[in-house]
Structure formats: C-alpha cells, structure tokens
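Protein chains: 2
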Amino acid sequence: MTELNQTGRSGVDSEPDRPAQPGAFPTDEPGKSEPQPGEGSVDFPVSVVLPAGGTGERTGLQTPKQFCTFLGRPLISYTIQAFERVSWIQRVVVVVAKENMDLMADIVWRFQHRRVRVVAGGSTRHRSISSGVLALGEEEEEEEEGQGRPAGRRPEVIIVHDAVRPFVEEDFLREIAVAAKEHGCTDSDFEFGTECLHLALQYCGTKAKLIPGPPTLWKVTYKRDLAAAESIVKESLSRSACVVTGASAAAIELADALQKAVGPLDMELHVVPDLVGGASSRCLLEHWNFIQVSVGDPRLSEVEALLTELQAAERAPLHPPVLIWVCVRSVSDRPSAVGAAEATAVAELAASAASRWNILLYGIQLRRSQEAEHWQRSVLKVAKIASALIHERSAALVGQIMQA
Amino acid sequence: MTELNQTGRSGVDSEPDRPAQPGAFPTDEPGKSEPQPGEGSVDFPVSVVLPAGGTGERTGLQTPKQFCTFLGRPLISYTIQAFERVSWIQRVVVVVAKENMDLMADIVWRFQHRRVRVVAGGSTRHRSISSGVLALGEEEEEEEEGQGRPAGRRPEVIIVHDAVRPFVEEDFLREIAVAAKEHGCTDSDFEFGTECLHLALQYCGTKAKLIPGPPTLWKVTYKRDLAAAESIVKESLSRSACVVTGASAAAIELADALQKAVGPLDMELHVVPDLVGGASSRCLLEHWNFIQVSVGDPRLSEVEALLTELQAAERAPLHPPVLIWVCVRSVSDRPSAVGAAEATAVAELAASAASRWNILLYGIQLRRSQEAEHWQRSVLKVAKIASALIHERSAALVGQIMQA
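Respectively, the protein sequence lines represent chains C and E.
In terms of the numbering used here, the first sequence opens at residue 1130 and continues consecutively.
In terms of the numbering used here, the second sequence opens at residue 1130 and continues consecutively.
Bound conformation, chain C alone (with noise of 0.2 angstroms):
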C-alpha cells in the first residue's frame, strides 16, 4: 500500500494538506477508462473516501462548510461529481458525523449520485478515513458473498480526498492513482509527512510520495472562498451555448451573427438546426446553455419542445441548464395585448420550468430592421443580454422577456 499526499499548493490556511490514501479495495467492475494518447491508462479498480465531517467554523456561516451551498446545490455534491466523471472511479465514500447522515442521503438522491455510499465517521478525522476504508471492505466482502467469486483479491487504490477541495481533475487523479500503484513500498520519494503520511508510515508500514497538486485544489475554507468557487462554477458553466435554429434562414444568419458577436464576451457559440441526432444530440450533453432561434412567427411550442428534450436528458439535476427564447418580431407585429399574453405565457411556462425541471427560461426579444447599423446594435445588445443571463443563472429573473 501506498500513501499519497495531494498538495494544493494555493491551500488557503497553513493546515497540512490533506493525503490520497490507497489501501485495500479490489472490485469485479472493470475500469472505463479511456486514456488519452501519451496519458498513463488506469485499468485497475481505484475507490474514493471523502471525509466530510467538519464543522466549517471559519467560513463564519452556520451550516458545515460542506454543506453550504451555491448554485443551488451543496459543496460537497459538487466534489462528488467531479469524481463521478471520472470513468474508472468505481465507488466514492463519504464519511459523515451521525447527525448529517439524513441530510447527506437527502443530497444524493436529490442530485442523483449514483456511485456513492454514506457512511457515519468516528471522533475525528483519522478513525472517519477509517470507517471509509472499512465501508469499502464490507461491500467487496458483501459483493463477493452474494455473487459467489473468490475471495482475496488483492487490494489496489484508494484515494482521500477532502470534501472540500471541489475542483479535482481527472489528469491529477490519474497522476495520482498511477503513482500510487507504481511506488507502493518504495521509500525513494518521501519528502515531508504530514499527520495522515505519519499515520499511514505508522499503522499500514507503508512509504509515501509528495505529489504537488495544481492551484484549483484549493480547500474552500472561508465564506469568500464558497464566492470564489461558486464564481469558478459559473465561469465554467457559462463558457459555451448551443444554438438551435430550425431551418429558417433567418434564424441561422442571425444564430452566425451572435456567434460573432459573443467572442469578444469570451464565449462560443455551436450552431445546430435541433437537437435531433447524432451529432446535435450531443450538445445536450456536451453543453449547460442553450439558445432558442425563432424568426418570423415566433411559437412557444418551440421552446417547450426544447424544454422536453433538456428534461429527457437528465442533466438538471447536477446544475441548472439556462434556455433563452431569442425570438424576432418583424416591425409590423403590434405590440398589443398579444404581447402581454405572451409574456404571462412565458413566465408560466418560465416558473413550472424551474420548479419541476431546474431549467431556468429567459426571452429575448428583438425586431427586425432593415437599416443595418440598427440591426447589428441589436444584435449586440442579445450577445450581451444572453451572455450576462447565461453567467448569473437568476432564479429571480426567469420568465423575463428582454427586449434588445
């Protein structure tokens, strides 16, 4: 067994940073992994053990730092996830006190987990890694009771990780789950110990490995790092949006000129005409933000459709998708009491949205002109209003309807 030490060089507090422990967890599910050419493949079973028992005292907020939640969903979901996207991760532990074992079951299912066991933790830190490690024992052992296999499997990595560092990528954890496999019992890299490398020497005789861990490891551990993180979310979330245009030719000069006009706004923009199909069907998975084109006569059973597919594939749960309705009025629409209609309509539609789905619904409303400088203003003016809506996420604001 080997002990691995994730260095968030940028930790926020002189606290000792926090180890990538792998002890003993063999399982019959074969890693997924798809290693990209020149990355070190792992394509042996590696487990997770997040302890999340803190009491979150120096954030200055009354809810366990873990538990504090931005974007609608709790710290500790969003570290979860980032190891549920990782293909050969097979099972990830979390370690809570006995008091947040309801909450944290609550979390799971409402951000829909799938990988992920709760478990209550000891006294302190160290006995909860305990229990994390012995929760992934049982269930080997209860796997192979049930199934019949051969016991004795030889162990191979398990990685703690703090509950509370929610920006771990896959790369590192490769690194890392790599290392451990490949210098377990050599004593060649030990560089500094910290109370878990000291734990690990003392109870598992086993050696370690330092490995520095990039700046987004940092520990939120202050109310101003949930902003920052909350701000990291946002900024990665906001990055890109699909367009779905249909096949009117307007919409899709109009879906090129925004995709122009959002560049500078640090965002791209991926045309498509919908969401049907191989390709298209992918940018429902592949993107949070979505753009509505409609020329000409305008139908909110557009929107629903979109609406209906966002829904079907399943990602609300995690973050909130954005769907924005650009629709352009030709200049002789009236802005009359069809307008208002429309407008209730849409918030209608805009609040069951976001009550039932997690799909926030904005408008934006534009008309068309034939004087070119007016029409690029306004297009301009969507680019903006689209992109500050897609980067704030509101709750407060949907079912607005912009006019640009």
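One or more of the hints may lead you astray.
Since the list gives no way to pick out one identical chain from another, each pair is judged satisfied if it fits inside one copy or across any two copies.
Simulated pairs of lysine-lysine, BS3-like, Cα-Cα distance not exceeding 30 angstroms [what the hints assert, rightly or not]: (1) Lys1513 <-> Lys1310; (2) Lys1348 <-> Lys1510; (3) Lys1352 <-> Lys1227; (4) Lys1389 <-> Lys1348; (5) Lys1510 <-> Lys1363; (6) Lys1389 <-> Lys1310; (7) Lys1389 <-> Lys1352; (8) Lys1352 <-> Lys1510; (9) Lys1389 <-> Lys1513; (10) Lys1510 <-> Lys1389; (11) Lys1227 <-> Lys1513; (12) Lys1227 <-> Lys1363.
It is worth saying that the hints were derived from the structure and are not from the lab.
Here the structure of chain C is known, so what remains is to put chain E in place on it, guided by the hints.
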C-alpha cells in the same frame, strides 16, 4: 520609528506578510478623525504608501492584479478608497512601475481619488517603498517652502500596505497607527520577522510589533481571489436600499410591504418620501441602491429627478449606484403601444444614465390586484427581482423592465 506587520491570518500563499511601516511624515493638516466612543483616537498625522509594482503572474491574468477590474473598477482603486474613507489618513502615495504611471494617473482621475500621489517605483519592492516614503518627505518640504512654515517638525506614522489587500478597515488601521506611535522603539513585542521587518531593523534601527490582521485583510493572489473580492464588494453594496415613495399612500403601503419581503433576502429597506432635506438627503450618501415606487399615473420624470439627485451626490465614480423604478399599473391600463413607447424611453434613459453617470437603471412593473393573494405574490416577486438586480449590478440588463 516603528515597524508594524499587518498579518493577514488567512493569507492565500506562503509569502511573508507585508508590513505597515511608520516613518517620518509631518503634515500641517489636522487629523479629521471622529473616533467612536471607546476607541482610540488618531490625532496625529498618518499617511500611507501603497507599493503597487507587482506583475501579478499568479492570477493567471495578463494584467497585473492591482489593475484587474471588478465591478468596473481596478483593484487598486478599491484599496485607495479603503484609505480615503478614513478621515485621519492624510495622503496616499501609490508606487507603480514606470510603465504604469499613465495608467495609474488615469485611474486616480477616473475614480476621483483626491488624497493620492502617484510615484514611480524602484527595481525592487524595498526600493519602491523607499520611493514612496521619500515622496511623502518631498511633499512636506514643498509645502514648507511654499508656505514658509518652520522646518523640523517631528515625523509621525506611515503605513505601508499591500495594494492587493483591498479590504482594510478603519478600526484595524487605528489599532496599527496608535500602536506604531505608542510602541516606537520599544522592543517588547517583536514576534517574528519578515523581509520588511528585517529591513526596518537594519536600516532604521527600529524595533517592531506584530499585529495580527483580520481574515478580511487577505491578499488577492489568484484569479479566484478577484472573484471573491467582487463578491465581497457586491455583498456589501447590496445590503440595503432606500425606497422613495412620494406622498402617495398606496406607494407607501407597497414600500412597507417590500420592506417586510426583503428581510429573508438579507436586505434592509429605508423608506422615505423624498430625498430632500436633512435625514432624507443623508440617504444619498448612505445607500448605493434606490427604489422609486410610482403608483397611479407613473411618470418617467420622477425617475429623471431621482437620477439628477443621485448624479449630484457624486458617488457614482466609486461604485455604480442602482436605481430601480417600481411602477404599479392599474388593471385597466392597456398594455398597448404606450407601454412600448415607454419601454423605449426607459431603455434610452438607462443607456444614457449608465454611460454618462455610471448609474444602473432598471424597471419593474406590476399590476395592481384586488385579490390579496395575487398581490402578495407580486410584491414578493418585486422584492426578489429587485434584490437580484441590486446584487448583480448587471450592465447588460440596464433599461429592461421586468414583470412582477
């Protein structure tokens, strides 16, 4: 002379903490301090040197971090403002690299900093601090020559403060300044040295006292710290708003209902009939957010009047004030072309207020309802939308009229 070290306990990296270095700076301006009961007064001249020559490599941004912008203003301007807010601080000398002199002069001009002098720094941080302190000395000599006052007045306190620690509070500065004066050449409190403490010892023959700083004093180092700083500023700007009702009983009633509704949204509303006269006009200086409630026959002229008053108060250069026009329509009002013309007028007024005065104008429209439950829901929605607009301060959404 005394050297004090402002230790940001929550410093995000392992760099030695930066000093508050008092030195020799006499001034003939009396301290304007208004100490609170129980707090030490500062009745001696204090000035500040802000070394701001860093290259900001670790933010991952091209711009040096002190010039990185959030909410439309560079970090260095927030730090300067933190000192300018303190009445007993006489001068702030900002030391920047030669190539940034023009940029810094432009920032001082744009954000109307009045107690600031910009000087070019040396090749190291220590040389830059020295340049800053010398500039204060020169200023003193110039003043003496110009005004024929006797030379040789004893130096008092100079605080040297990291330009990238924007959140420094008056209480802490008072503690530092008083301690600097009291502990000058005592050696009882030297706890540990940093580069600057050693410098002070070596060249000034002075002793030092370590004063632990609050967590808010943390240093902006990484890109995520800029996001955290923005979030802190947004939170502090969005804690309260001033509601202007006019004489209308219905408007006052709505304002009172809003006051109750924003409580759970962590916001306080202060309701006033207008901004004319003693107590009410203080609102212009105490708040960053204003809500004009119009009931009955809403006129844009009410908003224009408030805009003029806001502009006259000259606060906008520091932060963009938010002005929300909450407009109650009677049920019989036709949502006709009048509405569209008005929407255009609001959009144009908002565009002009934003570009000319840095004031962010938004509208919220609701319909008067006889049905209590419906009305309650609308009021709650106004509260939520207003709170979101105030919190986000989005430039892209100015001039929009939201429906509640």
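Tested hints:
1. Lys1513 <-> Lys1310: neither (49 angstroms within a copy, 53 angstroms between copies)
2. Lys1348 <-> Lys1510: neither (38 angstroms within a copy, 36 angstroms between copies)
3. Lys1352 <-> Lys1227: Classified as within; 24 angstroms inside a copy, 37 angstroms across copies.
4. Lys1389 <-> Lys1348: neither (37 angstroms within a copy, 37 angstroms between copies)
5. Lys1510 <-> Lys1363: For Lys1510 and Lys1363, both the intra-copy (21 angstroms) and inter-copy (24 angstroms) Cα distances are at most 30 angstroms.
6. Lys1389 <-> Lys1310: neither (48 angstroms within a copy, 60 angstroms between copies)
7. Lys1389 <-> Lys1352: between (37 angstroms within a copy, 26 angstroms between copies)
8. Lys1352 <-> Lys1510: between (34 angstroms within a copy, 27 angstroms between copies)
9. Lys1389 <-> Lys1513: within (12 angstroms within a copy, 34 angstroms between copies)
10. Lys1510 <-> Lys1389: within (13 angstroms within a copy, 35 angstroms between copies)
11. Lys1227 <-> Lys1513: neither (47 angstroms within a copy, 36 angstroms between copies)
12. Lys1227 <-> Lys1363: So Lys1227 and Lys1363 fail the 30 angstroms test inside a copy (32 angstroms) and across (36 angstroms) alike.
Hints 1, 2, 4, 6, 11 and 12 from the list above are not met by this structure, while the remaining hints are.
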